[in-house]
Amino acid sequence: MNGVLPECLLGSLFNKKQQIEIENNKFHKILYKMKGNPEYGELLGDIRFSGSPINPYSEMVEEALFNFQFSGALSRQNPDLVLYSKTPKFDSSYQNLIKGLSDDVLGKLDKFSTELLKRLA
Numbered sequence: 001m002n003g004v005l006p007e008c009l010l011g012s013l014f015n016k017k018q019q020i021e022i023e024n025n026k027f028h029k030i031l032y033k034m035k036g037n038p039e040y041g042e043l044l045g046d047i048r049f050s051g052s053p054i055n056p057y058s059e060m061v062e063e064a065l066f067n068f069q070f071s072g073a074l075s076r077q078n079p080d081l082v083l084y085s086k087t088p089k090f091d092s093s094y095q096n097l098i099k100g101l102s103d104d105v106l107g108k109l110d111k112f113s114t115e116l117l118k119r120l121a
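Mapping the sequence shown onto the numbering used here, position 88 (from 1) lands on 88, and the numbers just tick up by one.
These aren't lab readings, by the way, just hints derived from the structure by calculation.
The beta carbon of each residue, even a glycine, is placed where N, CA and C say it ideally should be.
Just to be clear, a hint being listed does not mean it is correct.
Unchecked claim - Mimicking DSS-like on lysine-lysine, the simulated pairs with C-alpha atoms at most 30 Å apart in a straight line are: (1) Lys29 with Lys99; (2) Lys99 with Lys33; (3) Lys17 with Lys99; (4) Lys29 with Lys16; (5) Lys111 with Lys99; (6) Lys89 with Lys26; (7) Lys108 with Lys35; (8) Lys16 with Lys111; (9) Lys108 with Lys33; (10) Lys111 with Lys29; (11) Lys118 with Lys33; (12) Lys86 with Lys29.
Claimed, not checked - Label pairs and their calculated CB-CB ranges: (13) Pro79 with Asp110: 17 to 27 Å; (14) Lys111 with Gln19: 17 to 27 Å; (15) Val82 with Lys16: 10 to 20 Å; (16) Met60 with Asp91: 30 to 40 Å; (17) Asn96 with Asn55: 32 to 42 Å; (18) Gly107 with Leu81: 25 to 35 Å; (19) Gly107 with Asn78: 17 to 27 Å; (20) Pro88 with Ser52: 25 to 35 Å; (21) Thr114 with Val82: 17 to 27 Å; (22) Gly41 with Asp80: 14 to 24 Å; (23) Asn25 with Asp103: 26 to 36 Å; (24) Gln18 with Lys111: 15 to 25 Å; (25) Ser52 with Asn96: 30 to 40 Å; (26) Leu83 with Glu63: 32 to 42 Å.
Could you build all of it, start to finish, from the sequences and the hints given here?
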């Protein structure tokens, strides 16, 4: 299995929750650590990080967030611009992204998003 699009990974989070606070530094560190976990490494395999392990950053993840915002599927709700919310366009956008993914990959995405939401809390 190859990794999935960063939009699929992010979409799986918002498929479970209406609003998510995403503080960049913390979010990128969590994703970086999860990529090193054999359970999630294959799913996150295509996501690249720059910087050091102390402060990893993925331009691919940032672009995925931007793509969701630009398409109108997500919006930012607070002055600090770290609280993302689903819009009515989200569900159709997400369904188009995951169309054609196997049940195995969808199951891994579900498990990944549950774990990531726990770590973000």
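Hint check results:
About 29 Å separates the Cα atoms of Lys29 and Lys99, which keeps this hinted pair within 30 Å; it holds. A hinted pair counts as satisfied when its Cα atoms are at most 30 Å apart, and Lys99 with Lys33 qualifies at roughly 28 Å. For the proposed pair Lys17 and Lys99, the alpha carbon gap of about 20 Å is at most 30 Å, so the pair holds. About 21 Å separates the Cα atoms of Lys29 and Lys16, which keeps this hinted pair within 30 Å; it holds.
Restraint check for Lys111 and Lys99: satisfied, since their Cα atoms lie roughly 18 Å apart, inside the 30 Å limit. Restraint check for Lys89 and Lys26: satisfied, since their Cα atoms lie roughly 27 Å apart, inside the 30 Å limit. Distance hint between Lys108 and Lys35 is fulfilled; the C-alpha atoms sit about 13 Å from each other, no more than 30 Å. Distance restraint check for Lys16 and Lys111: the Cα-Cα separation of roughly 11 Å lies within the 30 Å cut-off, and the hinted pair is therefore satisfied.
The straight-line distance between the Cα atoms of Lys108 and Lys33 is roughly 17 Å, inside the 30 Å bound, and the hint therefore holds. In summary, the hint linking Lys111 to Lys29 is supported, as the alpha carbons are separated by about 19 Å, within the 30 Å threshold. Between Lys118 and Lys33 the CA atoms are separated by roughly 14 Å; this keeps the pair inside 30 Å, and the hint holds. Restraint check for Lys86 and Lys29: satisfied, since their Cα atoms lie roughly 23 Å apart, inside the 30 Å limit.
Checked against the hint of 17 to 27 Å, the pair Pro79 and Asp110 fails, with Cβ atoms roughly 33 Å apart. A hinted range of 17 to 27 Å holds for the C-beta pair Lys111 and Gln19, which are about 22 Å apart. The hinted range of 10 to 20 Å is satisfied by Val82 and Lys16, whose Cβ atoms lie roughly 18 Å apart. Roughly 23 Å separates the CB atoms of Met60 and Asp91, a value that falls outside the hinted 30 to 40 Å.
A C-beta distance of roughly 33 Å is found between Asn96 and Asn55, which places it inside the suggested range of 32 to 42 Å. The supplied range of 25 to 35 Å is met by Gly107 and Leu81, whose beta-carbon atoms lie about 33 Å from each other. Separated by about 33 Å at the C-beta atoms, Gly107 and Asn78 break the suggested range of 17 to 27 Å. Restraint check, Pro88 to Ser52: a C-beta distance of roughly 40 Å breaks the suggested window 25 to 35 Å.
With their beta carbons about 21 Å apart, Thr114 and Val82 fall inside the hinted range of 17 to 27 Å. Remark: the range hint 14 to 24 Å for Gly41 to Asp80 is contradicted by a beta-carbon distance near 31 Å. For the pair Asn25 and Asp103, the beta carbons lie near 34 Å from each other, so the given range of 26 to 36 Å is met. The beta-carbon spacing between Gln18 and Lys111, approximately 20 Å, falls within the hinted interval of 15 to 25 Å.
Remark: the range hint 30 to 40 Å for Ser52 to Asn96 is upheld by a beta-carbon distance near 36 Å. Taken as a hint, the range 32 to 42 Å is violated for the pair Leu83 and Glu63, whose Cβ atoms sit roughly 20 Å apart.
Of the hints listed earlier, those the structure fails to meet are numbers 13, 16, 19, 20, 22 and 26, in rising order.
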